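Enquirer: The chain contents come next:
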Amino acid sequence: MLLSRRRFLRLSVVATASAVTALVALESAKDWLLSTVRALYRQVLSPTLADAPTGRLGARAFNALLSTTRAVAGVPVQMSHYEDFFRWRAENLRGYKALYEQFAEALDRRARQSFGCDFVECNREVQQRIIEKVRQVHSTDTRWERIRASVFERDWLLFERYIIRDMLLLFSRTDAWTLLGYEAWPGTPRGLDQYTKAPSERQHVSSPR
Amino acid sequence: MTESTVAIVGSGIVGTTIAYHLAKRGYDVEIFEKGPEYPYPHGAQFREKILYSYDNPSYRLPNDLQNLTRSGDYRPDPNQERLMVVGGSATVWQAITLRMRPKDFKTRSLYGYGEDWPLTYDDLEPYYCKAEAFLGVSGTDADNPFAPRRSKPYPLPPFQLSYDDAIFAGRLRQHGLLLHTTPQARTRAAYEERSGCMNFGTCRVCPIGARYSPNYHLLQAIKTGRCKVHSNTSVRRLLVDKAGRARAVVYQGNDEAKEKEHSSKVIIVAGGAIESARLLLLSKSERHPNGLGNEGGHVGKHLIFHHLWSGDLHYKDDFQPGRFGGYSGQSHQFLDPPDRGKHGGVLVQFSSQVFSNNVMFYNQLPDETRTGSEVVEFLNARRSWRTTVLQGESLPSPQKYVTTSEQRDRYGDPYAHVHYETTAFDHATYRFARELFDRLAANTGADEAKFVGPHSFTSGHHHMGTCRMGQSVRDSVVNEFGQIHGTDNLFVLGGSNFVSPGAVNPTLTMVAVAIRAAEYMLDQLL
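Each protein sequence line maps, in turn, to chains S and Y.
Counted the way the working numbering counts, the first sequence spans residues 35 to 243.
Counted the way the working numbering counts, the second sequence spans residues 136 to 661.
Watch out, some of these pointers could steer you wrong.
What the hints assert, rightly or not - With a Cα cut of at most 30 Å, we get these calculated DSBU-like pairs of lysine-lysine:
| # | chain 1 | residue 1 | chain 2 | residue 2 |
| --- | --- | --- | --- | --- |
| 1 | Y | Lys265 | Y | Lys358 |
| 2 | S | Lys231 | Y | Lys585 |
| 3 | Y | Lys265 | Y | Lys287 |
| 4 | Y | Lys363 | Y | Lys400 |
| 5 | Y | Lys451 | S | Lys231 |
| 6 | Y | Lys395 | Y | Lys159 |
Claimed, not checked - Examples of chain Y residues toward chain S, derived with CB under 10 Å:
| # | residue |
| --- | --- |
| 7 | Tyr175 |
| 8 | Arg182 |
| 9 | Leu296 |
| 10 | Tyr298 |
| 11 | Ala301 |
| 12 | Arg458 |
| 13 | Gly460 |
| 14 | Leu500 |
| 15 | Leu657 |
Claimed, not checked - Label-pair ranges, simulated between beta-carbon atoms:
| # | chain 1 | residue 1 | chain 2 | residue 2 | range |
| --- | --- | --- | --- | --- | --- |
| 16 | S | Glu61 | Y | Lys395 | 40 to 46 Å |
| 17 | S | Ala232 | Y | Ala268 | 34 to 40 Å |
| 18 | Y | Glu583 | S | Glu61 | 47 to 53 Å |
| 19 | S | Ala232 | Y | Thr558 | 41 to 47 Å |
| 20 | Y | His590 | S | Gly92 | 51 to 57 Å |
| 21 | Y | Arg569 | S | Glu61 | 44 to 50 Å |
In short, the hints are calculated from the structure, not lab data.
Note that the structure is a prediction, hence the values are computed from the model and not measured.
Glycine included, every Cβ here is placed at the ideal spot set by N, Cα and C.
Only chain S is shown next, with the shape it has when bound in the complex:
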């Protein structure tokens, strides 16, 4: 069927107007779409803590955290401030108690499967090998590997971000200073005498063994 000239023009105008409207709509939606996709991508790559109740930490999770601290540090540390740190977080910040319990379960599962022992009862070398899993998950290089890890190894990414990282930061603020030869670390009352004097020969350690 042939179109009349008038009908052709009318259809052309309608088609052009629709195309322009669609383009304008697409253009204005583009920013929103892109930011939504970016936010989703970030959320996938950086999983956040679940909203779960606070509460007193059970012995199993607590002991797993302390064993992990010793294994991650790999050097002698004072445990009291780590104990205080984990207890406070579990009891005051939502999501941490559940995460710590999941962490202990995951460590035990892996320890039993591969080494036939509960995590806290494994020797230090085995504990370090188990925790190495966290390191591997976090150290993925390519974007594709990161996406894969964030889907299939999501829990381990959370463990790395909210447990191992916290542990290392606390270590860097405390025991690391002692190992570097400082008399005390910031956050403790150090007095106004020592800082004007030469570093103590007795405690000076240039680098740890």
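Once you've looked at the hints, dock chain Y against the given chain S.
Expert: Then chain Y, alone, in the frame of chain S:
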């Protein structure tokens, strides 16, 4: 409608200084603070932040209440440089309390740049003494030949140079460069109701109140029974009567649906340089179509930031930096340099605090560190580096200003918009700072040195200008007492009043000007 004798917008160090002085003299004061309560002494914050690495979100306002838009070439976000809580940014400040130099008040007359202040160093000197006593400043001029005249000694003795700074001071002296102790609002010994500093080293959240916090005096003002703080409450605009006198603030609880009025005999705006200007601009009326105090078009203009450039110096020596939390060594030798006018003055901060601050507050631990040994190795390498901060004087320019934004807050009011472009003067000051840094590197025995580029500066959170003081409406917004020209009961006080800042930290001057203004109010108005 509620009422009080005095209404203050903003509970920062300036607002609380005035509130304290007026409440102690028997006047009822109400303070309106947009941000939340911030407990004092800051032991709770110390436990959260330092012991448990927890940034409590309840101390931050949501974006739809605290925000701004920006343009120009200043890279950091000025919004992140403001802490809107009861007590304001000085609840977490570094507490360096330097006096401006007499010549800083007269740069137009002496060097041909900027503008002169409407008051002199001599006018302000007694109030510097009062401000130092108020804040509990520890310091000495005995090691500082560049210190300006003073009529009273510091209220507290100085903190000695740290071991490493003393070594640097010795090396620099041989080359004619002088390093001296830093005056600071930390208690070298017990002072009033504050205990002496115990060197926790986490000064931004001092658990014992040795580092001054405005909330110390705010609590005392509240104890008089004549001072009340409305936290989580935004002041949206100011109202004037037919005669042009300020009559009320219009405020709204952050989670409330309706705005309310609070009338006062005297109204003081002390919301920081950005928000104070914004509030005046939002307070338009038929009588003031361009905003309150803006008859001369100066509200929001003449914005000034300090320019803080940092450089890293590497040494083979084992100094053990970070054993002192306060500030140790500074040089005031270049605050008023011989070529001043071609460029600005520069304050040299040669402190070992940066190492511990990086560890404590900025979580500077690379992702690659995975074990305790790796952390220790990283820190061991890092502590051979010293960060030196050079704080440069800057000037107002037509390309540095605050205005209102296109974007709006929770109530539908425009945010502030900050535009800041560096000038040829700023670049000349950078070159001078760079030369100084090279001298410091060469004369302290550094074997490696790195300095940032001219645009990689921060303001030091020193926001100034925008409601500057002057002789008349033709050149300024307020007079030397912070009184808006043409009114007798509306004041704007704080860093916003600065005409030019020199290169020294502004807070002591802000407090001195505030005490002077409070005395003026007591003598002339109340």
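Enquirer: Work down the list of hints and note, for each, if the structure agrees.
Expert: Outcome of the hint check:
no., hint, in the structure
1, Lys265(Y) / Lys358(Y), "holds, 22 Å"
2, Lys231(S) / Lys585(Y), "holds, 28 Å"
3, Lys265(Y) / Lys287(Y), "holds, 9 Å"
4, Lys363(Y) / Lys400(Y), "holds, 16 Å"
5, Lys451(Y) / Lys231(S), "holds, 18 Å"
6, Lys395(Y) / Lys159(Y), "holds, 27 Å"
7, Tyr175, "violated, 19 Å"
8, Arg182, "holds, 8 Å"
9, Leu296, "holds, 7 Å"
10, Tyr298, "holds, 6 Å"
11, Ala301, "holds, 7 Å"
12, Arg458, "holds, 4 Å"
13, Gly460, "holds, 7 Å"
14, Leu500, "holds, 5 Å"
15, Leu657, "violated, 38 Å"
16, Glu61(S) / Lys395(Y): 40 to 46 Å, "holds, 43 Å"
17, Ala232(S) / Ala268(Y): 34 to 40 Å, "holds, 35 Å"
18, Glu583(Y) / Glu61(S): 47 to 53 Å, "holds, 51 Å"
19, Ala232(S) / Thr558(Y): 41 to 47 Å, "holds, 45 Å"
20, His590(Y) / Gly92(S): 51 to 57 Å, "holds, 53 Å"
21, Arg569(Y) / Glu61(S): 44 to 50 Å, "holds, 46 Å"
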